[in-house]
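**Student:** With the sequences and hints as input, model every part of the structure.
2 protein chains.
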Amino acid sequence: MTNTADKGDRLASAVSRIRGLLGEANCLVEPAAVEPYVVDFRRLYHGSTPLVALPSTTAEVSAVLAVCNELGVGVVPHGGNTSYCGGATPHAAGDEIVVGLRRLNRIRELDPANHSLVAEAGCVLADVQRAAESVERLFPLALGSEGSCQIGGNLSTNAGGLAAVKYGVARDLVLGLEVVLADGRVLDELKSLRKDNTGYDLRHLFLGAEGTLGIITAASLKLLPRPRTIETLFAAVADPEAALELLGRLRVASGDDVTTFELLPRSAVELVCEHVNPTADPLGGTHAWYVLCEVSSARDDPSLRAAIELELERALEAGLVIDAVFATSGPQREALWRLRESIPEAQRRAGASLKHDVSVPVASLPAFVARASAAALAVVPDARLVTYGHAGDGNLHFNLSVARDGDDALFLARGSDVEAAVLDIVREFRGSISAEHGIGQLKRAQLKSYKGPVALSVMHSIKQALDPNGIMNPGKVLADR
Amino acid sequence: MTNTADKGDRLASAVSRIRGLLGEANCLVEPAAVEPYVVDFRRLYHGSTPLVALPSTTAEVSAVLAVCNELGVGVVPHGGNTSYCGGATPHAAGDEIVVGLRRLNRIRELDPANHSLVAEAGCVLADVQRAAESVERLFPLALGSEGSCQIGGNLSTNAGGLAAVKYGVARDLVLGLEVVLADGRVLDELKSLRKDNTGYDLRHLFLGAEGTLGIITAASLKLLPRPRTIETLFAAVADPEAALELLGRLRVASGDDVTTFELLPRSAVELVCEHVNPTADPLGGTHAWYVLCEVSSARDDPSLRAAIELELERALEAGLVIDAVFATSGPQREALWRLRESIPEAQRRAGASLKHDVSVPVASLPAFVARASAAALAVVPDARLVTYGHAGDGNLHFNLSVARDGDDALFLARGSDVEAAVLDIVREFRGSISAEHGIGQLKRAQLKSYKGPVALSVMHSIKQALDPNGIMNPGKVLADR
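These protein sequence lines are chains A and B, in that order. In case it helps, the numbering used here puts the first sequence at residues 1 to 481. In case it helps, the numbering used here puts the second sequence at residues 1 to 481.
It is worth saying that the hints were derived from the structure and are not from the lab. As the structure is a computational prediction, the values presented were derived from the model and not from experiment. Some hints here could point you the wrong way.
[What the hints assert, rightly or not] Listed next, with one range per pair, are the computed distances between beta-carbon atoms: (1) SER461/B / ALA445/A: 54 to 62 Å; (2) ARG430/B / VAL135/A: 17 to 25 Å; (3) ASP239/B / SER329/A: 41 to 49 Å; (4) ASP300/B / ALA113/A: 53 to 61 Å; (5) ALA378/B / GLY330/A: 53 to 61 Å; (6) THR279/A / ASP239/B: 27 to 35 Å; (7) PRO302/A / ASP239/B: 28 to 36 Å; (8) ARG19/A / ARG427/B: 36 to 44 Å; (9) ASP172/B / ALA445/A: 48 to 56 Å; (10) SER329/B / THR279/A: 21 to 29 Å; (11) ASP300/B / ILE230/A: 15 to 23 Å; (12) GLU133/B / SER329/A: 36 to 44 Å; (13) PRO331/A / ASP172/B: 55 to 63 Å.
Cβ coordinates follow ideal geometry from the N, Cα and C atoms, glycine included.
**Tutor:** Encoded structure:
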């Protein structure tokens with residue numbers, strides 16, 4: 001199957017057979033219709049494909065994959081197209097078929113008594129959240145892109161987000177999976193059980209595999225009781241160390257109900273005030289670091305606020321916290337969240353940026369910030385550090401913006417040097433070079449450098465075992481397309 | 001490698017080389033010394049081995065496996081020997097080497113600020129719990145056998161236990177793993193991170209694989225703040241449906257802090273009173289079903305008890321709860337727990353028993369109990385049903401004891417018929433035929449019948465990819481030794 005002419009024939013044959021299977025209406029071939037499927041969210045990649053197939057059932061996904069596997073044609077699964085790493089964008093060669101999952105978008109089952117729901121891959125995350133809310137339940141995965149990202153993509157990339165400090169990442173919220181394997185067979189592990197020790201856990205192979213081992217078509221998701229008490233606070237702290245000490249105290253004071261714990265540097269607040277909203281800063285004065293913290297309880301609990309306030313007073317007395325404000329209304333809460341969520345937009349408007357989605361053990365976060373900041377500034381001394389993120393998980397978006405009057409191109413030209421400096425320090429701290437955004441196309445080379453050789457070898461063995469023809473999202477995650 | 005004489009030579013060579021590697025003192029070969037390693041906890045199996053190797057470092061485990069892989073000699077990993085399914089017992093042929101992990105028992109790292117600790121496989125679970133307590137943390141895995149089981153075995157069997165309703169099962173408590181692969185390579189995924197999306201999640205392959213893919217030598221485990229408020233209550237309810245309604249209400253009233261929710265039938269209370277402790281029944285009167293419920297909070301929270309009491313009063317008024325008692329002292333709490341934990345002993349003293357460790361979706365539990373009870377009694381009409389367990393997880397020990405004056409042998413002879421009847425109903429409810437005890441040797445045939453063929457095929461592919469010579473715990477989980 002290495003002859004080029006033969007390869008073209010096989011691709012044409014696959015396209016033709018899939019058009020027959022799904023019908024013309026569900027097969028996009030015109031360039032204008034295909035375009036949204038071949039450019040990634042960050043516009044880092046522009047791919048090409050002869051066909052976007054839009055199956056609406058698991059059986060159709062199965063039939064499409066069986067054809068592609070038989071003919072050795074690559075398949076790129078495509079959800080809400082919110083990957084930060086080009087994970088859902090085909091290569092420019094145009095020899096892969098895109099499988100869009102958006103028509104596979106039913107909530108198959110909603111079971112509040114079992115605290116579970118079964119959603120198909122193409123369900124938009126916000127719709128899953130709303131389905132849970134409709135029966136007084138919470139589906140706790142919360143992402144900036146929740147209005148457009150799809151649950152299949154969330155699971156395939158093991159999305160993290162804003163509430164992982166309490167609820168875990170996407171893989172922690174999955175009870176069961178339905179997956180179409182590379183050869184079209186349907187792996188039905190769509191159980192809604194809390195305990196099931198019957199052999200190898202196959203769910204976790206596909207969760208986070210970015211579509212390289214099969215296509216997740218449906219999942220049974222874990223729900224929780226809806227929160228009835230939510231307290232949101234914004235605090236100024238001297239440094240990341242003080243932030244972590246505060247986190248530890250609030251975990252105890254709240255009964256381990258801290259659901260969000262975000263760290264923001266002064267630079268992020270200033271960028272948002274300058275570029276997005278001049279009144280975004282909720283506190284007077286200039287402070288080096290800030291924390292956005294949310295505590296949620298399923299219980300209707302007026303005593304929770306008092307318990308947190310008491311702990312906060314102690315933290316103020318101890319000098320851990322310099323200033324703090326509670327949201328006392330819905331709009332105030334939204335304003336605090338908007339400040340946090342406006343940082344990417346503010347960075348975009350502030351010119352070129354360099355971004356690193358990394359994690360370290362939570363306790364190592366202050367030392368990591370100090371070391372990595374110095375190392376990055378040694379490469380680009382006039383850059384603005386915009387290090388923010390999910391400190392409660394040890395997950396930082398270790399970002400830099402170009403200096404106020406700096407040259408974008410010169411700044412970006414130092415990108416790989418900055419990255420190497422930062423990731424080497426991540427390695428020293430036994431951290432992760434991709435905490436929540438995955439690998440996709442963007443970080444394949446870094447994965448090869450920073451992942452251990454034994455782990456890489458085991459990954460290749462598994463890829464070979466489950467996708468021997470190499471048709472599933474070729475060249476994503478593993479580097480050897 | 002199929003010639004029998006050659007096989008004997010290879011086994012002898014492996015034994016000799018391993019004795020050289022570890023030293024005579026760490027190699028058990030005398031029958032009396034070997035005996036505890038070849039008989040399982042339930043005495044269902046009596047195996048044989050020429051050698052129990054006792055490595056004390058990961059490097060030694062690696063060296064042992066490299067030898068066995070080279071020579072094609074089977075290896076049986078052995079922890080605290082508490083498997084209910086013969087998972088750690090060698091076959092009777094005597095052609096496998098047992099690798100005992102008990103000397104690999106260091107706590108390598110204790111990091112309260114990161115809420116994590118790193119323990120080697122041979123650490124006894126209770127010692128891990130104590131290490132966490134020593135720094136004001138909780139390691140929440142709680143099992144009846146915690147005084148002797150080892151963490152490596154807990155993880156390899158994905159143990160469940162008494163607190164899974166809140167904290168999840170063993171696999172939910174693992175941040176990172178160190179594993180020696182079949183060929184002796186060391187897979188170092190021993191990170192203590194909350195977020196790490198760098199390729200396939202290899203941890204979850206080994207968690208629950210019962211030593212058939214490699215040997216877990218160390219794990220980074222998730223800790224939580226130590227509970228400061230614990231409320232324990234025992235309630236009489238009319239039926240499993242009322243129990244589940246109570247669970248839902250208590251989850252909300254407690255802020256989702258229900259950590260244990262056990263269901264007990266009247267028969268279990270009567271068996272414990274008759275065979276273990278005549279004063280075990282904490283409530284007057286005769287009630288069909290009981291619930292043992294514990295609520296824990298990391299917060300020092302006097303209002304929690306009042307909130308639960310209020311909900312309990314409402315449940316009494318609504319007729320959901322018939323009677324209830326709170327533990328008001330440590331000894332009272334212990335007595336309630338002892339009642340629950342004495343059930344296996346009481347069943348043992350009551351004569352022959354038939355046991356099924358199954359799970360169904362939590363909401364299906366009442367219907368399952370009704371259907372399975374009828375089906376079991378249709379086979380053994382005079383048996384005593386002793387259906388109890390972790391109702392909050394949908395996990396029941398669906399057990400039967402022989403009639404008071406029944407014949408053990410006649411009763412046991414119906415075992416496979418009862419099992420088939422029960423497991424067929426489990427399948428109808430999309431449940432699990434082994435919720436927390438795993439497969440081992442005991443349930444291989446059932447796995448083959450009840451697991452889907454695609455899942456079985458994928459499991460075999462993974463086994464072949466990671467252990468091509470088939471040396472890791474041969475004939476466990478998968479049936480084709």
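**Student:** For each hint, tell me whether it holds in the structure or not.
**Tutor:** Against the structure, the hints:
no., hint, result
1, SER461/B / ALA445/A: 54 to 62 Å, "violated (28 Å)"
2, ARG430/B / VAL135/A: 17 to 25 Å, "holds (20 Å)"
3, ASP239/B / SER329/A: 41 to 49 Å, "holds (45 Å)"
4, ASP300/B / ALA113/A: 53 to 61 Å, "violated (32 Å)"
5, ALA378/B / GLY330/A: 53 to 61 Å, "holds (58 Å)"
6, THR279/A / ASP239/B: 27 to 35 Å, "violated (58 Å)"
7, PRO302/A / ASP239/B: 28 to 36 Å, "holds (35 Å)"
8, ARG19/A / ARG427/B: 36 to 44 Å, "holds (39 Å)"
9, ASP172/B / ALA445/A: 48 to 56 Å, "violated (33 Å)"
10, SER329/B / THR279/A: 21 to 29 Å, "violated (56 Å)"
11, ASP300/B / ILE230/A: 15 to 23 Å, "holds (21 Å)"
12, GLU133/B / SER329/A: 36 to 44 Å, "holds (41 Å)"
13, PRO331/A / ASP172/B: 55 to 63 Å, "violated (37 Å)"
Hint check: violations occur at hints 1, 4, 6, 9, 10 and 13; the rest are consistent with the structure.
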